[in-house]
Structures are given as C-alpha cells and as structure tokens.
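Colleague: Sequence:
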Amino acid sequence: MAWLLVIVAGLLEIGWAIGMKYAEGFTRLVPSLWTLAGLTASMILLAIAARTLPIGTAYAVWTGIGAAGTALLGIWLFREPASFTRLLCIALIIAGVLGLRLTSSAE
Numbered sequence: 001m002a003w004l005l006v007i008v009a010g011l012l013e014i015g016w017a018i019g020m021k022y023a024e025g026f027t028r029l030v031p032s033l034w035t036l037a038g039l040t041a042s043m044i045l046l047a048i049a050a051r052t053l054p055i056g057t058a059y060a061v062w063t064g065i066g067a068a069g070t071a072l073l074g075i076w077l078f079r080e081p082a083s084f085t086r087l088l089c090i091a092l093i094i095a096g097v098l099g100l101r102l103t104s105s106a107e
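First residue of the sequence shown: 1, per our numbering; consecutive thereafter.
Hints listed in this document are in silico derivations from the structure and should not be mistaken for laboratory results.
Please note that the accuracy of each hint is not assured.
Across the chosen pairs, the derived CB separations fall in these ranges [what the hints assert, rightly or not]:
#1 Thr63 - Leu36: 23 to 31 Å
#2 Leu29 - Cys89: 28 to 36 Å
#3 Ala91 - Val30: 30 to 38 Å
#4 Leu98 - Ala41: 17 to 25 Å
#5 Leu98 - Met1: 17 to 25 Å
#6 Ala82 - Tyr22: 31 to 39 Å
#7 Phe84 - Leu29: 38 to 46 Å
#8 Gly25 - Leu4: 16 to 24 Å
These figures come from a predicted structure and were not determined experimentally.
Glycine included, every Cβ here is placed at the ideal spot set by N, Cα and C.
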C-alpha cells in the first residue's frame, strides 16, 4: 500500500508542477488553487508512505516520478526540447526509480 501511495503522490507532483506553469506565478486563481491542492495532497501521501518506506527511498521515488513525468509533459504540452540526451537522462531517472523499487525491502 505504501508503494501505491508514493506512486500516486508522484503523479500528483507532476500535476502541481505543471499547474505552476498554468498558474502563471500564482496570478491566476483557479490554476493556483488546483496547484496548491495537488501540492498538499502529494505531500500528505508522501508523508503517509514514509511511515512504512525508508524516507530516502520514498523521497527519491517521489521526486523521480515528478521529475520524469514533468519533463515528459513539458515536452508534450509546452514544446520543450526533446533531444536524445534529454530523453536519455529522463530514462535514467525512470531506471533509478525502478531500481529503488526493486531493491527496497519495505512492503
């Protein structure tokens, strides 16, 4: 269950990170509220998952999911660069997240 929570928390991190772009520096009310709600929910789920998972693993997986997902959505939604090197680095982040999951002894 802790792994599911940290995965959902990571997905919410992607949502609030992308939401910051739409909130335009928190100058737009509705995107700002959605961003803050996603941030709050993401942190709460991470904290609950960290009760069971080692904090280093939970935090690294959470940030890895958020970083890789946000970078991929930035490429798709905002036409950010999609060079081979950038995609390779995103793949390495994903490999790191999977490696942490496979080598974790909790749950």
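Colleague: Against the earlier hints, flag every one the structure doesn't satisfy and list their numbers going up.
Modeller: 1, 6 and 8
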